[in-house]
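Student: One letter stands for each residue in the lines below.
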Amino acid sequence: MSGNALSDIELLMRGVREPLDIGEARWERLLRIARASGLHARLAAANLAKATTTDVVRRHLLSSARIAAYRAQMVRAELFHLTPLVTDDFPVIVLKGGAYILQGRALAEGRFVSDVDLLVPNEHLRPMESRLRAAGWQPEKLDPYDERYYRDWSHETPPMRFPGHSLEVDLHHAITPVTGSLAFDPASLFERSEAIPGTPFRVLCAEDQVLHACLHCFHDGELDLRVREVVDIDGLLRTFAAHKGFWDRLEARAAELGLQRPLWYGLHFARNWLDCPVPSAVSDALPAPHTLSRAAMAALVPLAMLPPDPDFPPPLRVRVARTLMRTRYHLLRMPLHLLLPHLARKTLRRLKARLDHRTEAPSEDGAP
Amino acid sequence: MTEIAYRLLDVGAARLAVASPIEGFHAHLDRIYPHHEPIADPAFADVRVALLPRSRWRVRGRQVVLWADGQRPFEPYPYDCALPLFEWGSNYLLSQRLNAYLLLHAGVVARGDRALILPAAPGSGKTTLTCALHLAGWRFLSDEFGVIDMDSGELLPMVRPAPLKNRSIDVIGTRPGAVLGPLFPKTRKGDVSHFVPDRDSFLARHRRATPALVVFPRFQAGAALQCTPVHRAQAVMRIGLNSFNYQALGPLGFQAAVALARRTAAFELVYGDLDDAIAHIETLFGEVS
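These protein sequence lines are chains A and B, in that order.
For the first sequence, this note's numbering assigns the number 1 to the initial residue and increments by one for each residue that follows.
For the second sequence, this note's numbering assigns the number 369 to the initial residue and increments by one for each residue that follows.
Take the hints with a grain of salt, since some may be wrong.
Stated by the list, open to error - Below, a list of computed lysine to any residue pairs in the SDA-like style, where the Cα atoms sit at most 25 Å apart:
1) K50/A with Q464/B
2) K346/A with V427/B
3) K352/A with V427/B
4) K352/A with R426/B
5) K346/A with P444/B
6) K352/A with G429/B
Rather than coming from a laboratory, the hints here were simulated on the basis of the structure.
Let the sequences and hints guide you as you build the complete structure.
Tutor: Next up, the structure:
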């Protein structure tokens, strides 16, 4: 299929799913925006087998595919090391990338995983943390403020790492910030979770995996260049679409957990950007966000999430959109009376760090 | 948006494209890439970056930023150090992207198409020794990247200027035939000046070489020359340690390192005098030929 008439973004969205037939110069631009958004190995997964790519393009696809394979191997190794710590007294759920790898999902191929996320019931968070510490995992050094922030307001513990391992382990007790408006009791996540045969780990059920991906994409963290999370949502939906009754269960579950809003956005952007085959009966049945929110999201999400022209620094409108979306995230996460002091404190500290910091050259020996 | 005028540099195993409005940077590039003819067609580049100045009103001096694919992977440098930022930054980006090859952290020189590989940790004098060997008549393939095609075991040249640091600048600069670029005093790594490989090496930048000898060099001030054979199994491990991507390549990297150690003899060379080291390497190389 010739792609020369398509925009870079359209081409990228097609290239993560099917082989492309484009020239070298076009490939170079595509690889650049794919790298910027962490999708280059997805591009490789869909295009490496194609015989018509030139040697130089193939080399880059091969390079990213190898790094992704290595990172996936590191995830498997980390989970292997964690195995003895998971006993049958309480369930341990592997979230997101680690789960997709354990389940051998198609979307795991070429998907970069940067940490291992585990979900345990709230009352077992401390015991699990102690187990990790006793086995040699060490928490990141934090000042008392950040420590308290994590404990009281976040849904995870500070990241832990086993000395010498490349991946961090994040322990969660919920999949929403506890101070946010979407917070819900995670008990049913455990009830519906599924065992992974041959491992002591569990994963979220299909519907919860989709809802978590939507929640994570649109309600947890900044949106900068996070189009890859929409690619995840699309990948999950395409996988589950074939399961009988999946869409009905998804709708019911979103209503039960009060996650219709993130699901609406997830379905909307997966369909708009990736032609995700969402039955219109499903998206029509979801309560749509207010026209104003919808218009704002339609304008801001593409600017913040999609990679801009790689030849230039991000233009002002992109920077503004990213800042606005970051503001939205903070507001969703905690009420203003908690948020403002928190941000003020962070800003003061950053200013202080900048004043203390005399040299601004990078360390030339390690990673930047 | 307007087209950007990129300057393309074909260095052998990779092509670089760079754009910058900073005139001094282009003058510097001309000096350390003197053999490069302008490449007209907008060919594929492995690394494409822009070096853009930041605000001229900054209190502690103007800075330059390296932009790659709409992102700034590194901290800014002082405005007049765009060249070291480009050289170091583009090498870093290459090291992330060339995993189609086994990438050794090594100097590589050759007699004809028979290559001597000098894998070493930073600070071992690898760049200095590579430049000195080149000035003694060896073909320059790289002072930083041993690019190995894992299918054939051959080495691909990556003919880029070699960043000499501090005392090495004089050590190499005073040798007959040495061409050095501008001096950048007091960078993060001390004084830096780039050694320019000769025209013949540049013209041969697409000619692959076959590994013939591996020497792990270590400069030690005042040390008497000491050369010890490195056992094959040991050589594999040391090749792996001195590689950018040995670990990431998994079994492929292991097989490539084993293949390299099987086809070449390996030695460790501790030296205090550069000319002694060159003479000894010539002898070793004569023996394996």
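Student: Taken at face value, is the distance from the CA of P444/B to the CA of K346/A at most 25 Å?
Tutor: holds, 23 Å
Student: Does K352/A pair with R426/B here, judged by a C-alpha cut-off of 25 Å?
Tutor: holds, 18 Å
Student: Does V427/B sit within 25 Å of K346/A, going by the straight-line distance between their CA atoms?
Tutor: holds, 24 Å
Student: Tell me if the straight-line CA distance from K50/A to Q464/B falls inside 25 Å.
Tutor: Within the cut-off at roughly 23 Å; holds.
Student: Could you grab the alpha-carbon distance between K352/A and V427/B and see if it respects the 25 Å cut-off?
Tutor: holds, 17 Å
Student: Checking one constraint from the list: CA of K352/A to CA of G429/B, max 25 Å. Satisfied?
Tutor: holds, 20 Å
The structure meets every hint from the earlier list without exception.
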